[in-house]
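S.K.: Chain by chain, the residues run as shown.
2 protein chains.
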Amino acid sequence: MQLLKTNNIKLTIEYNGLPYSGWQSQKNEKTIQSEIEKAIFKFCGHQTVVQGAGRTDAGVHALGQCANFFIDKKYSEYQIVNGLNFHLGSEKIRIVSAQIVEEKFDSRFSAKIKTYRYQIVNRTSPSVLLSDFSLHIRPELNVDIMQDAIMKLIGKYDFSSFRARDCQAKNPIRTLEDAEIKRNNQIIHISFSAKSFLYQQIRIMAGTLIEVGLNKIKPQDIPKIIDSRNRSLAGPTAPARGLTLVKIEY
Amino acid sequence: MQLLKTNNIKLTIEYNGLPYSGWQSQKNEKTIQSEIEKAIFKFCGHQTVVQGAGRTDAGVHALGQCANFFIDKKYSEYQIVNGLNFHLGSEKIRIVSAQIVEEKFDSRFSAKIKTYRYQIVNRTSPSVLLSDFSLHIRPELNVDIMQDAIMKLIGKYDFSSFRARDCQAKNPIRTLEDAEIKRNNQIIHISFSAKSFLYQQIRIMAGTLIEVGLNKIKPQDIPKIIDSRNRSLAGPTAPARGLTLVKIEY
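These protein sequences, in sequence, are chains A and B.
Note that the working numbering has the first sequence beginning at 2, numbered continuously upward.
Note that the working numbering has the second sequence beginning at 2, numbered continuously upward.
Check each hint, because a few of them may be wrong.
A pair holds if it fits inside one copy or across any two, identical chains being indistinguishable in the list.
Below, in silico cross-link-like pairs of lysine-lysine (BS3-like), each with a Cα-Cα straight-line distance of 27 Å or less [as the list claims (entries may be wrong)]: (1) K183 x K113; (2) K75 x K196; (3) K183 x K248; (4) K153 x K113; (5) K183 x K153; (6) K217 x K75; (7) K196 x K113.
Just so you know, these hints were derived from the structure itself, not from any lab.
On a predicted model such as this, the values are computed, not experimentally measured, just so you know.
Take these sequences, add in the hints, and give me the full structure.
M.R.: Okay, structure coming up:
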């Protein structure tokens, strides 16, 4: 099927990641990308590929994922939002907005800053209110020393120590533009902002910071871990639970 | 049954309000208070009354509700938290902490400041991620004029215009210590802090502020609505959905 690229549509998307095997289409798996592609097909009869800005892992939520796709029919932004949401039905996915953008716009490569946030409930009893949206850690985390450690991650580095072993990126150099940690009583938020991340970089950085908060890794070890380019020196990969793709800036 | 008041226990409690008919015990209704009283009975064999600081309506959540009760047995704070959480089982209620306090402590009357927060999702499509924790309002709310209006509610006033018709408080004078409204993209938070509130005062203040944001009530009308002591001049009672009892300060 020849596709006339008359309209490049940018979507801003919210989803609850728990019922899905992540963003990216995979055979025999229910994914967010494939559900949106099905909704587009039902809406306008196009079999199209929806390119996502962040390929979130299974269980990761999004408040402001972005994606784009091409269709050769003309629709208003209002028609697209309402049409796709109608066809998404009871899926835990909602199109927040649609925008007709220039042809060269690419949701993934045009992104300037992607911001992800971990929510941790740090107390004895797990949360009943936030359980689907937080990671539960029982021992008290020392946020002050985590703060020291997070500052040492900000910057342009070879993040080989902080990527999954099956990460396929050729270049392991990334720039962590901003990162912060905040405690509000028993709730801790850790956020990371960068143009792009290596595969599972956020979950490994979070897992390492948690080890720092538990006094298992020292903040001054962070530069050594970076320099080593050795995945086994960083902390474990934190669970997907509690991670949300907050926003993509272009 | 004579109860020896040897131990006054203060609980900090989190709950998801959706499955319950509010905090307060009512015949033939599943309430948060009655589920906690059942858990205490299973834990230590005491039939006791748990006095809550805020009597939240059906559907209202709590991150930091406080309550107290008396028992004549000695338990550590750790035993109380774990014992009650064990007996609460799959209820959407969790004891966050327990504290043995002096006999005169009363969770309701000793409270200095109670803070409640509304979360509003202000956009075309309802949220799939926040739906249980937010009120969905489609038309765009003007937060700047809501900000003007909220400032006019802060202070000590006769809040008769802002209480439910069946409110039983003898004195309608309350002091709203603080209130604020913040927008972060499509999510709006409105919070209210006071020593105590009239019945449904928060929901009526929120409903009135929403009318302001929709240009149906002007900020400069707020003092007139207060002066009138006439419930029918204020806005509608906002739904319970999206309201959370955030914390109680003593």
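S.K.: All hints are to be evaluated individually against the structure, with a verdict given for each.
M.R.: Hint check:
no., hint, in the structure
1, K183 x K113, "both (24 Å within a copy, 26 Å between copies)"
2, K75 x K196, "neither (31 Å within a copy, 56 Å between copies)"
3, K183 x K248, "both (18 Å within a copy, 18 Å between copies)"
4, K153 x K113, "within (22 Å within a copy, 41 Å between copies)"
5, K183 x K153, "within (16 Å within a copy, 32 Å between copies)"
6, K217 x K75, "neither (57 Å within a copy, 36 Å between copies)"
7, K196 x K113, "within (5 Å within a copy, 46 Å between copies)"
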